[in-house]
Amino acid sequence: MNAAKPIKVVLAKPGLDGHDQGAKVVARAMMDAGFDVHYTGLRQTPEQVVDAALRVGADVIALSSMAGSHLPFCTRLKPLLEAAGLGDKLWIIGGNLPAQDHDALRALGFKGVFQTGSRLDAICDFIKANRP
Amino acid sequence: MKRERQEFQVRPVRNESGIPIQPVYGSGDVEASGGLQMLGEPGAYPFTRGIHPLMYRKQPFTMRQYTGFGNAADTNRRFKFLIDNGQTGLNVALDLPTQCGIDSDDPMAEGEIGRVGMAVDTLHDFEVAFDGIDLDKITVSLTINGAAAILIAMYLACAEKRGFDLKTLRGTAQNDILKEFIGRGTWVYPVQPSIRLVGDTIEYCAEHAPKYSPVSVCGYHIRESGATPTQEMAWAFCIARAYADEVIKRGVPVDEFAGRLSYNFNIFGNLFEQVAKFRAGRGLWARIMKEQYGATEPGSMWLRMIAGGGGGGLTLEQPENNIVRGAYYALIAALSGAQTMALCCYDEAYTIPSEYAQRISLRTMQMLVEEMGLAETVDPLGGSFYVETLTNQMRAEMERIIEETDAAGGIVKLVAEGTIQSRVSAQAYRMQRAIESGAFPKVGVNRYRSDGDAANKVEMHPYKADDALAQIAALRRVRAERDAATVARALDRVEADARSGANLMPAIVEAVKAYASVGEITLRLVGVFGRYVEPVRFDHRDEELAI
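Protein chains in written order, with my numbering: chain A, 28 to 159; chain B, 10 to 556.
Hints listed in this document are in silico derivations from the structure and should not be mistaken for laboratory results.
Accuracy of the hints is not assured; some may be wrong.
With a straight-line Cα cutoff of 20 Å, these simulated EDC-like cross-link-like pairs (lysine to aspartate or glutamate) come out [said to hold, decoys possible]: (1) B:Lys522 with B:Glu169; (2) B:Lys466 with A:Asp128; (3) B:Lys451 with A:Asp59; (4) B:Lys473 with A:Asp115; (5) A:Lys105 with A:Asp148; (6) A:Lys155 with A:Asp59; (7) B:Lys299 with B:Glu169; (8) A:Lys32 with A:Asp115; (9) A:Lys155 with A:Asp63; (10) B:Lys466 with B:Asp548; (11) A:Lys35 with B:Asp548; (12) A:Lys105 with B:Asp548.
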């Protein structure tokens with residue numbers, strides 16, 4: 028692992044949810060932590076998330092979901108990420124994620140699940156500790 | 010031990026808008042901030058104290074909780090529950106596919122149908138949603154922006170079909186697309202055609218449904234995105250002026266439409282700052298309309314508003330505390346002379362609110378009217394040295410922000426290039442850091458925490474995937490039963506009028522009456538206008554955060 032090389036993060040807003048205040052705040056925290064952050068903007072399809080991750084050469088694929096469609100989206104995204112050879116990258120998700128869904132998200136391969144109210148440094152520290 | 014007498018140091022305090030707050034205010038402070046020149050009488054220019062002489066004594070604020078989920082039939086049942094419990098307006102939540110102009114059978118809608126609001130594909134859904142509800146007795150507010158022209162057309166068509174006179178129909182559509190580019194994000198078309206569509210709805214309603222409010226300009230979501238209270242109101246005024254300019258350039262006199270412009274503002278944070286914000290804003294908006302636009306009708310100068318919500322102030326932690334916060338927010342709205350009130354429910358950080366939570370919010374507002382005396386006297390804080398001084402200071406700060414915005418090229422340019430977005434997100438980041446460090450106090454979050462007992466107090470709203478399939482089936486049934494040639498003709502007219510620059514509303518009304526779907530109409534417009542491409546910017550990172 029080359030410590031001088033910044034961690035590359037693709038941070039995406041999946042689906043139609045337009046609440047991007049949290050995603051942009053997290054993006055800024057990641058920039059301050061020294062990560063190379065590529066924020067996709069809103070309305071990303073699973074295919075677009077995969078394309079962005081491949082284009083950037085992402086170490087980390089991060090989703091921010093506030094409007095409840097996280098499980099159907101992540102269920103569609105998982106096989107696409109794997110088929111694109113991104114199964115060994117760190118997948119994380121944050122936002123309005125009811126506790127009852129956390130196990131399902133982890134089972135889908137999202138190693139980090141960050142409920143609203145998570146501390147910014149906790150998210151960045153988790154990425155540093157778990158980067159591929 | 011002998012105690013030394015110490016000079017007591019007063020801790021310096023500023024409110025969120027950056028105005029220093031003193032421990033005591035007197036008449037000299039009121040004078041130094043500009044005196045009482047902008048105070049006037051309630052119901053008279055400049056309307057600082059309220060837009061009507063008797064305010065709530067004549068008519069208490071409308072109570073209009075944001076509601077909608079699943080399909081039209083589910084939503085119709087919840088509407089009737091709220092009306093039966095004394096609610097006096099309806100505030101319709103639509104699902105994200107509807108808000109983004111996407112039909113339920115589009116692949117982009119998968120997993121989103123009926124999730125955060127009611128799914129609407131065609132006029133048929135509105136007919137079900139408003140079945141049995143007297144549209145001439147209750148005002149209906151549609152929370153719709155990118156697809157607003159279509160949903161307004163649908164509402165007017167629905168009301169007309171039910172036999173209501175459009176000339177007397179009251180209600181509101183949010184239809185504030187510029188703030189969608191700043192926060193909330195349910196845009197469809199690029200900035201300029203989006204503003205044209207807002208202009209089309211204002212112009213059309215002024216002629217055909219003159220009591221309907223076709224726009225509710227939202228400071229609310231700008232504040233949620235990270236703006237201060239003065240920025241919230243100043244930028245909302247800049248946006249309202251952009252829509253007014255669009256209509257005036259078509260030759261419509263200001264007094265023919267300005268009286269139906271309305272506003273939606275947020276309430277959370279410092280109580281006095283919020284009250285001063287509304288009082289200051291009323292005077293400033295009246296002055297802008299009178300002096301800059303030459304309005305002569307008092308109604309054109311009124312800052313008519315829904316206020317409340319307060320989502321940005323509510324917390325996931327200790328959700329029951331949000332019931333108390335909601336009560337304070339409602340109190341602020343009543344002290345501030347809001348025409349309409351809505352409260353976010355205590356469980357909204359977790360789920361679509363339960364009937365139980367909705368009823369608590371409704372009772373909170375009813376208590377102010379029935380028990381607390383808030384409906385008895387106009388502008389009860391008027392004359393307070395503190396409130397009058399702060400009102401003057403907040404007004405001056407809003408004027409400064411408007412001047413700064415205009416000097417930098419105006420709100421349309423600053424939104425189109427992403428400048429406002431970058432700036433408010435920098436502020437949101439600074440606020441989040443301040444909350445996490447404890448520098449900005451938040452009870453139950455960075456003070457008095459009690460971890461581990463929060464979520465079990467909230468009843469989760471079930472999402473029924475079968476309802477999505479039923480919605481798709483209903484859409485296909487409508488498509489099969491409607492007259493295909495009439496639909497095709499209507500959609501061709503929509504496209505032709507989009508190209509010609511004609512007002513699009515007559516064509517859209519014709520299309521929805523033929524049961525053309527939201528997605529079909531949107532796609533024709535996208536074919537002409539294209540789609541908005543979001544500017545992604547994070548360049549505002551300095552402490553001062555000047556534009």
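We went through each hint and held it up to the structure:
1. B:Lys522 with B:Glu169: Roughly 10 Å between the alpha carbons, so the hint for Lys522 of chain B and Glu169 of chain B holds.
2. B:Lys466 with A:Asp128: Roughly 17 Å between the alpha carbons, so the hint for Lys466 of chain B and Asp128 of chain A holds.
3. B:Lys451 with A:Asp59: violated (24 Å)
4. B:Lys473 with A:Asp115: The given pair, whose Cα atoms are some 33 Å apart, is violated under the 20 Å limit.
5. A:Lys105 with A:Asp148: Given pair Lys105 of chain A, Asp148 of chain A is violated - Cα atoms ~26 Å apart, limit 20 Å.
6. A:Lys155 with A:Asp59: Given that 20 Å is the threshold and the Cα spacing comes to 13 Å, the pair holds.
7. B:Lys299 with B:Glu169: Cα-Cα ~35 Å, so violated.
8. A:Lys32 with A:Asp115: Holds: Lys32 of chain A and Asp115 of chain A sit about 18 Å apart, inside 20 Å.
9. A:Lys155 with A:Asp63: holds (13 Å)
10. B:Lys466 with B:Asp548: violated (41 Å)
11. A:Lys35 with B:Asp548: Holds, at roughly 19 Å.
12. A:Lys105 with B:Asp548: Violated, at about 33 Å.
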